[in-house]
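Mind docking chain E on chain B? Use the hints.
Spelled out, the chains give:
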Amino acid sequence: MQTFLQYTILGLAIGGSYFIAASGLVVTYTTSGIFNFAQGAIAMLAVFTYWQFRWGWNWPAPLALLMVLGVLAPLLGALLYQIVMKNLRGTSEVTKIIVPIGVMLGFQALATWIWNPTSSTPRQFQKFFGANAFVHFGDIKVSWHEIIAFVIAIVIAAGIRLLFVRTRSGVAMRAVVDDPELLQLNGGRPERLAMISWAGGSFLAALAGILIQPMIGSAMSAGQLTLLVIDAFAAAMFGRLRSLPRTFAGALVIGLTTTYVIAYFPSKWTWASSFRNSLPMIFLFIVLIVLPQDRLRGATVLRLRERFRMPSIRTAWIAGLVLMIVVFCLKVIMERTAVNTLTLALTFAIIALSLVLLTGFAGEINLAALSFGAIAVIVVYHFGTSGSGAEARTTLWGILLAAVVTALVGAVIALPALRLRGLYLALATMAFGVFVSRMVLTERNERDIFGLKFTIFTAGQLTIPKPKIGPFDFNSPDAFLFLCAGLFVVIGIGMVYLRHSGYGRRLAAMKDSPAASATLGMSVIRLKLSIFMMSAAIAGIGGVMMAAQIGTVNSDRFDILLSLSLMMITVVGGIGYISGALFAGIFLIAFVQMLDLTLKKFAVDYSSLEAIFMFFVSAVTVLPATIGITMGKNPSGAVSDIVEGLDQIKQSKPLMFTLIGLEAAIWALTATEVITNWHFVILTLINLLIVPVVGGKIVIARMMRGVPKPIPPELIGIDRPFTAEDLAEMDHALNLEGVVIPSAGTVREEASGVSA
Amino acid sequence: MSEINYHEDHGAVEGAPLVELVDVRAAYGTIEVLHGINLSVPQGAVVALLGPNGAGKSTILKVVSGLLQPTSGEVRLAGRVVNGVSADELARIGLCTIPEGRGIFPNLTVRENLWMATMAGVSLAEVEEIAYERFPRLGERRKQLAGTMSGGEQQMLSMARALSVNPSVLLLDELSMGLAPLVVANLYEIVAQVSQEGVSILVSEQFARTVLGIAQYAAIVLHGTITRVGTPAELEDELSAAYLGS
Chain B
0 MQTFLQYTIL GLAIGGSYFI AASGLVVTYT TSGIFNFAQG AIAMLAVFTY WQFRWGWNWP
60 APLALLMVLG VLAPLLGALL YQIVMKNLRG TSEVTKIIVP IGVMLGFQAL ATWIWNPTSS
120 TPRQFQKFFG ANAFVHFGDI KVSWHEIIAF VIAIVIAAGI RLLFVRTRSG VAMRAVVDDP
180 ELLQLNGGRP ERLAMISWAG GSFLAALAGI LIQPMIGSAM SAGQLTLLVI DAFAAAMFGR
240 LRSLPRTFAG ALVIGLTTTY VIAYFPSKWT WASSFRNSLP MIFLFIVLIV LPQDRLRGAT
300 VLRLRERFRM PSIRTAWIAG LVLMIVVFCL KVIMERTAVN TLTLALTFAI IALSLVLLTG
360 FAGEINLAAL SFGAIAVIVV YHFGTSGSGA EARTTLWGIL LAAVVTALVG AVIALPALRL
420 RGLYLALATM AFGVFVSRMV LTERNERDIF GLKFTIFTAG QLTIPKPKIG PFDFNSPDAF
480 LFLCAGLFVV IGIGMVYLRH SGYGRRLAAM KDSPAASATL GMSVIRLKLS IFMMSAAIAG
540 IGGVMMAAQI GTVNSDRFDI LLSLSLMMIT VVGGIGYISG ALFAGIFLIA FVQMLDLTLK
600 KFAVDYSSLE AIFMFFVSAV TVLPATIGIT MGKNPSGAVS DIVEGLDQIK QSKPLMFTLI
660 GLEAAIWALT ATEVITNWHF VILTLINLLI VPVVGGKIVI ARMMRGVPKP IPPELIGIDR
720 PFTAEDLAEM DHALNLEGVV IPSAGTVREE ASGVSA
Chain E
0 MSEINYHEDH GAVEGAPLVE LVDVRAAYGT IEVLHGINLS VPQGAVVALL GPNGAGKSTI
60 LKVVSGLLQP TSGEVRLAGR VVNGVSADEL ARIGLCTIPE GRGIFPNLTV RENLWMATMA
120 GVSLAEVEEI AYERFPRLGE RRKQLAGTMS GGEQQMLSMA RALSVNPSVL LLDELSMGLA
180 PLVVANLYEI VAQVSQEGVS ILVSEQFART VLGIAQYAAI VLHGTITRVG TPAELEDELS
240 AAYLGS
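Protein chains in written order, with numbering that gives the first Met the number 0: chain B, 0 to 755; chain E, 0 to 245.
Excised from the complex, chain B in its bound form (with noise of 0.2 Å):
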C-alpha cells in the first residue's frame, strides 16, 4: 500500500506536468492552427537554460525561474511565431509539419552546440528546496517538488479554462482559429493574439520541462527531453488538441501508467523499461485509432503556394542517364572516403524516394522513413545472408523478403492511420518510429518469440554484408556505388512511369480532393493502403543498402530525429520531385560532411583562425533546421528554383555549352590531377548553382528588352481595345473558330420572348 501511494503521488506529478506542456500545444493549435513540434525542444531548452542560471552561475532560484518562464521562455515563443510560424498561413500541412520539425531540430542542434553532451562534469539539475525536502503523511515521504508539479498543473488547468470561457481575449483566441479574417472585421487583432497564445505556450512548455527534470532522475539529455513532447503529444490527443479536461484525464492517465509499471513489473521482465519508455507512443497510438473518422473533405479547393510539375517520361530516362554518367566521371576523380560517402548519400535518397511517393504524389505523410528501413535490415541480417566471415553476402531473396515485410508492416501501421489525413497521419508514424526506436531496436536479450529462440537486435549492432545479385557480386566499393545509383534510377523511373499512368493521376486526385475521388468511384482506402505499402517497401530497400554501405549499424542509425531530418530537407529538396529525393540525400550526407570536413580541414590549416573555423563547424550542425525552417516561404523547394533556372539556361544554347564546357573543364583538370578535389566541388558548385541563376536572370532580361509588357487578357478590352488578333486567339483558345455569336440585340429579344 505504501508503494502504491508513493508511485501514485509521482505518477500525479509527472502526469501534471505532462498536462502543463500538452495544455500549451492545445493553445498554440487553437489560435494559430500550427501543431507545435518543438513544444518538447523548447521545454529541454528551457532545462538547460535554468540549469546554466542556477547551477552553472549560482543565481538564486527565483531570478533564475523568473528569467527562464518570465523572460526568456515567452519571448522565445513570440518572436518564433513573427519570425517562423506566421508566413505558414495558406501553406499545405505538410509545410505546416515540416517547419515545426525544422525548429524542434535546430534547437536541439543548438543545445548540443552550446552545452557539450560529452562534457567532463555531469550536470547535475535538482528539486525545488533541494533533493531532500520531503513532507511526510504518515509513512509515505513526498517530496515538495512533486506537490508543486500537481497543484501547479491544477491551476493552469483552471487558469486555462477561465481564459477561454469567460474572458474576451480567450474567446476571441478561439475565434481566430474559426476566422481570423472576421475576427478583424470585429475590431479584433488576430497577429496579436497568435502572438500572445505563442508566448503562452512557450511558458508553459519551460515550465514543463523544469518540473519535470529532476522526476525523471536522468542525467540532462537534449534528445532525451526533445522527444518528451511525444509524451505530450499523446496527452493532448487525449482532449483532440481541443478540450482541456480530456487532456489532464490523458495526461494523468499516462502520468501514473508509466509509474506502475515501474513499480509493479517483475525485475525479470527485461523489457520493462523499454515498454515503459514506448508507453506514451503505444497510447499515442490508440487514441489515434479510437480518435472518429476525419470527415472527407474536397469541398474548398485550397489555393496553395506549393506547385510541382511532374517531367515526361523521356525527361526521366535522361535525366536517369546523366546521373549514372555524372556518378562515373564522380568515381574516377575522387578518392575512397569520398566514394563511400557519395554511396551513403544515395542510399539515403532512395530512402527519400519513398517519401517523394508517399508525400509528393498522394499527400500522405510518413516522419518515420528510417523506422521501416530498420525493420528491413532485421528481416535481412536474421535471413537475407548467405556465407560467413568475409564471404558473407546479402541475397536477393533477402532484399525482396524486406522489402515484402516492410511493406506488410507498413500496412499494418496505415491502416488505423487510413481514415486519418495530415496531422494524425504523422503523429501516427512518428508515434511508431519512436516505437520502433524504444521497443524494438533496445531488444538485446535472447527471447521465446513463437517457439523460436531470437535476438532481435544482437548485441546492440547488426552486421549486413554487402549485397550478391545473381552472378554478380556488389562487394567491392565500386560496383556497390553503381548498384545504388542504378537503384535510385530505377525506382525514380518507374515513379515517374507510375504517376503518369492511370494509378498515378487517381493519387494525385486523392490528394486533391478525397470526397471527390470517393464519389467518382475510386476506393480511397486501397489506393493509400497501397501507397502506403510502396513507400515502406522502398524505405525498407534503401535502408538495407545503407546498412550495407555502412557495415554494421547501430540502432542510433534509424533514431527518429535523422527519420525527420530526412523527411524535413526533402520538402525542402522539393517533396514533389524524384530529384528532391537525391537533393536530400546528397544535401543530408555528402554536402554536410564536406562542409564539415573542409571547415575542420581550415581550421588545421589556418591555426589562427581555429576558433572561427570551429564556430562554423558547430554552425553546420544548425544549418539543416535553419533551412527548413524557410520553407514557409518558399514551399515549392529548393529544386524547384533550379529547375526553373535550368528551364531559362535550355531557352539559350550559348548558355547552356558554357555550362557543360566549364563542367567539363574542371573535371578534365581534376581527373589530371591539375587542381585538387577540394576546388573540383567548389568550382562544380559555383558552376552548377550560380551560373544557372545569375545566367537565368540575364538570359530573361535579354529576352524582356524591347518586349512590352503582356497585358493578362482578362484585362484586355479595359486597359486596351480588343484587336482582331486578341480575339482570334480567344476564339482559338474557346475552341468557336467559325462559330457565328448572334449580336446582343437578338439575345435581347429571344430573353424577352421566352419571359413573354
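Don't take each hint at face value.
Cβ-Cβ distance ranges computed for the label pairs, FRET-style [stated by the list, open to error]:
{"#": "1", "chain 1": "E", "residue 1": "132", "chain 2": "B", "residue 2": "165", "range": "22 to 32 Å"}
{"#": "2", "chain 1": "E", "residue 1": "143", "chain 2": "B", "residue 2": "60", "range": "44 to 54 Å"}
{"#": "3", "chain 1": "E", "residue 1": "233", "chain 2": "B", "residue 2": "82", "range": "46 to 56 Å"}
{"#": "4", "chain 1": "E", "residue 1": "141", "chain 2": "B", "residue 2": "403", "range": "56 to 66 Å"}
Keep in mind the hints are simulated off the structure, nothing from the lab.
Predicted model only: the values in this text are computed from it and were never measured.
For each residue, glycine too, the CB sits at the ideal point set by N, CA and C.
Okay, now just chain E, sitting in the frame of chain B:
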C-alpha cells in the same frame, strides 16, 4: 446622380460623404480586379452595388473594410483618407462589415459571438439586450454553438452584431446568399430601419430586385468598373442589359 458624385474639395470633413472611393484600383496578386472605382455613400443613405458574379462588388467592399489595400487611389471615411489603416482599426472606429456567407464564428456560442462584437467598443450587456430584443430566437439559443444553427438564424446573428455595435457605416456583402426569400425580405426590412437611424449602408447584391426597394442609389459594377450610377428608377432599364452582358 450629382448628389453622390465625389467632391473635389479634399479637406472638407464637414458634410463630406461618409464613404468615398476616389479612383481606386485593387489587385489580387498581379491580377487587377478594380480599375478605377469612384463612388460615394452619403450620410444615412443605402447604396447598392449591383452586377453579375465576378464583377468586383465584393472586392469593393473588401477595399472599404480594410481587408484589401488598394494599389492606387484613395479610400475616405468621413473625408479622411484611410488607405493603409487595418480592418480591425476601422472596425473599432465605427465601420461594421458583414462578410459574404454569414459573418459568424461557427465554433463559438451565440453569446460568445456577440461578445466578439464588443471589441468595437460597446458593452456585452448592451449588445445582448439589443440582439435578443430584435431576435428573440437568438436569446433562446445563446448557449448553442453558432455553427449548429440554421442559415437564417446565423444571418440573424451577424445582423444582430451590425445592429448592436452602433456603427456609422455598415457594409453588407451578399446578404441574401443561400437564404429563403421570406428571410431575405425580413433582413432587408431591418436594413431599411437601420438606415433610417442615420447609418450609411453600402450593400452588394447579385439579385438586384431584393435590394432596390430600400436603396436610394445603385451603382452597376461590370468588369471591375462602375458603369452607371443612379436612383433605382433610373437604372431599371439598364439592369437587364448589365446582367446579360451586352
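Notebook entry, point to check: What hint numbers does the structure not satisfy?
Noted result: Failing hints: none at all.
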